[in-house]
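Use these hints to put chains B and C onto chain A, whose structure you have.
Residue numbers (my numbering), protein chains in the order written: chain A, -14 to 331; chain B, -14 to 331; chain C, -14 to 331.
Treat each hint with caution, since some may be false.
It does not matter which identical chain is used: a pair holds within one copy or between any two.
Claimed, not checked - Capping the alpha-carbon separation at 25 angstroms, the derived lysine to aspartate or glutamate pairs in DMTMM-like fashion look like this: (1) Lys81 with Glu48; (2) Lys81 with Asp281; (3) Lys252 with Glu111; (4) Lys242 with Glu12; (5) Lys23 with Glu210; (6) Lys81 with Glu232.
Note that these hints are calculated values from the structure, not bench results.
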Amino acid sequence: MEGTAITQEYMNFRSQHLLSVKGITLESIDELFIVAEKMRPYAKRQKMTRVLEGAVLGNMFFEPSTRTRVSFGSAFNLLGGEVRETTGLSNSALAKGESLYDTAQVLSGYSDVIVMRHPEPHSVSEFATGSRVPVINGGDGPNEHPTQALLDLFTIKNELARLGQSIQQLSLTLLGDLKHGRTVHSLCQLISLYSNLKIQLVSPKALALPCKYVDMLTNAGHQVEIGSDLEKGLSQANIIYQTRIQEERFESEQEAKRYKGYFRLNKQIYSDHCLPNAVIMHPLPRDSRNDANELDNDLNKEPGLAIFRQTDNGVLVRMALFACILGVEDQLEKYDKEVNWQIGLK
Amino acid sequence: MEGTAITQEYMNFRSQHLLSVKGITLESIDELFIVAEKMRPYAKRQKMTRVLEGAVLGNMFFEPSTRTRVSFGSAFNLLGGEVRETTGLSNSALAKGESLYDTAQVLSGYSDVIVMRHPEPHSVSEFATGSRVPVINGGDGPNEHPTQALLDLFTIKNELARLGQSIQQLSLTLLGDLKHGRTVHSLCQLISLYSNLKIQLVSPKALALPCKYVDMLTNAGHQVEIGSDLEKGLSQANIIYQTRIQEERFESEQEAKRYKGYFRLNKQIYSDHCLPNAVIMHPLPRDSRNDANELDNDLNKEPGLAIFRQTDNGVLVRMALFACILGVEDQLEKYDKEVNWQIGLK
Amino acid sequence: MEGTAITQEYMNFRSQHLLSVKGITLESIDELFIVAEKMRPYAKRQKMTRVLEGAVLGNMFFEPSTRTRVSFGSAFNLLGGEVRETTGLSNSALAKGESLYDTAQVLSGYSDVIVMRHPEPHSVSEFATGSRVPVINGGDGPNEHPTQALLDLFTIKNELARLGQSIQQLSLTLLGDLKHGRTVHSLCQLISLYSNLKIQLVSPKALALPCKYVDMLTNAGHQVEIGSDLEKGLSQANIIYQTRIQEERFESEQEAKRYKGYFRLNKQIYSDHCLPNAVIMHPLPRDSRNDANELDNDLNKEPGLAIFRQTDNGVLVRMALFACILGVEDQLEKYDKEVNWQIGLK
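Chain A extracted, bound-state conformation (with noise of 0.2 angstroms):
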């Protein structure tokens, strides 16, 4: 594939805003996990790049994400940028009475590009109409979160080429609160960018997955089945996809407290009722307490754990949107130096 080619096919990246998984395509998608790709190298500090060399990043957490703000952060330097970053919502000029619109005129003087995240649904769409900058929605609450679904996208890819496998093989199965993940819900819809994969969803039925997304993947043509039987819904699945109780969206702690460790995953149910090789994946926390438990740490040392192996992809991803964005994903070589130090321990 020559460059230029690549340069005209990301319409859907290249100085725009990402603001949400919909209006995503298949086509994009690819290009895009091409070029994650070819971060890998970069990531793992084989060889580095300093093509952003100069650039700045804004790093505008408003809702405080350690996890999510570094991944961005890091992803940005490891191109060679500098990163500017806020955390958190309080004494900042938003709690004077700053709309959105002005916050985003102002800050995009100071930036080449900006990762948002706000606690607000839909106000980073809302910042972003003030923004002259390109701004990748870093989550707005229980809104969107797409970079997300993306390196989780790319993870279910990845790990089944793993397995000497291809996205047509997926049967994906969906555990735990399907109502309240807006992670799985972003999933869902990059999920329906395909037809005739095998989904299943299993939870207790009050945290079951809202019938929209139900429709979304049945219209796309997907073999759907929904059940609460956690043994039954892992023994078919390649990729297991576990989710944390959302306390925080409960309505009372009580409420949350019920289904608090009721899906619990651990080595005897892996080794008893999953594929051999099944992978695990998690969107992350999870949660280790032990009331809460939904994925053990006796599972640590399992090859088919990818929670980590995901979270890795995030650097990837990222880095590849904001090269996409910026329109250097072609340049990354020209940039190359060497990795001088020692790498990982001994």
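Just chains B and C, lined up with the frame of chain A:
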């Protein structure tokens, strides 16, 4: 103008603290603004300079201020330098009884130049006595915020130039809470370096500009008019400087509420009572809540609305300050590189 | 000494965690301090190195500490690397029940080396079990803070050298709250690698050094004197290490208040009772409030006051640690650049 000539002029900035607008001369302002203009292509990403590669800014915000902190940080990054920063007072060593002198001694061992904001008046000057590197006052409570005054003056000169006018043709209306706003007070001091300009002060009587500043303007030889009639105050101005009611500086919330939304400026008033092309400035944030709304959003498309050009100018002025303080203002081009990424939005 | 020889000596730092002062050998300290001395011209900005350009430090302060966080961050910047950081515990994934193992797995995918501070003892060691990159303990509650101990020892050796003395001539007085100060405890462990030194322990009886550390010093063959007479304790020391009353570690504020300001050191006492040129150290922050004031400001011009040379040394030692852990200590000069800006104040 020769490089060496410029160098000799920067008596007021090179290797010095900038703690106050006091003591700044017209000559040093003129020279600073020449450098600020040289920063425009770098800030607009038409080219890039790495002149401060390896330098470290200590961006010490002991009072949070996302906008100002990010503006300083980005300005330093745009010159190629690195930024270490802190935000907030609690938990810091200051809370354990450390003197500002000690804090400065310690932090000045970690950076090449320090920006400091702190809620207490004169705290930054006290801090500077212990610093071994230049300190820029990023705002010390109600006292001073010299870079805001400089960027305001820079904007006034630029906007007048855009209208084909010079500073000597300035007819400036200061509008709103002229009692509490430190930006207005500092701007009055800089304006008093000039003479024979037209200044209109429009506020509720209880929020009038303190006598000290009125005297300063009068003594400088300006034609000062004081009043509380919005429409009359606007009619002659080529520059209108609107302010926010500084709720946090009133004795009670009740008291502050009395004046909230008192002098609103909107498209109707602007069209009916202002000169064509009159420039609207504001130190931001503007309060866009319904009960305040001192500067209506229906002005957002008005070419005269300069509030975001004003914040953009803040980056230029701060870049210029860093360059002059660190003595690299004549070396920018030596470290030029091309910008290889896409700028702005499609 | 040849480069390769140095390389082979760093068994204790290269590609390894630094979690504790335990296990550090005299040989590895000597080698580290040689590298720290090589850092001096870079820290003093006489030249610049970009040896870690492209590397990313994860500066993870789950307990806030402006001074230590900025010191580590600046040290990494001075080597040319980038810094991603976090400050504070609340709202982080840890609060959602994530294990330290998981946090480490995730964060270690985002950086080349991690500094971690956390309020819980042994938390950093637990974190390190999940990290795929080297972890430096930046302080785990009352337990350990190994880089502080290293910079203290480095300062002792440097100050003695400044007086024309060697470590074997050390007569060290540890002064104040010897019960709670982790810096004192860690320093005692490093001092115990030597033998036959003079150590005076001066504190109120209730705040005496725990037996464990007294035994450690005695077993190492040091001449240990224990007392609560300030003047006697000072009379023989060439190095005085003063501490702060660790209010936050007392059972009640009342209890802490009893000892506040108990052993004050000021110019009068220093002149009357200390050896000429006796060196004064302090882990900082010193409490300069009237009721504490353990180290009076009237000592600020005293050449023997080494407290800010001590914090400056922290940068050298942390630069050396990063360089050794990442294995670039012999490549510094290869990446040298000139410093092109003005240093310090006029």
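Verification of the supplied hints:
no.: 1; hint: Lys81 with Glu48; verdict: both (17 angstroms within a copy, 15 angstroms between copies)
no.: 2; hint: Lys81 with Asp281; verdict: between (45 angstroms within a copy, 15 angstroms between copies)
no.: 3; hint: Lys252 with Glu111; verdict: between (45 angstroms within a copy, 22 angstroms between copies)
no.: 4; hint: Lys242 with Glu12; verdict: neither (42 angstroms within a copy, 55 angstroms between copies)
no.: 5; hint: Lys23 with Glu210; verdict: neither (36 angstroms within a copy, 64 angstroms between copies)
no.: 6; hint: Lys81 with Glu232; verdict: between (30 angstroms within a copy, 9 angstroms between copies)
The structure fails to meet hints 4 and 5 from the earlier list, while all remaining hints are met.
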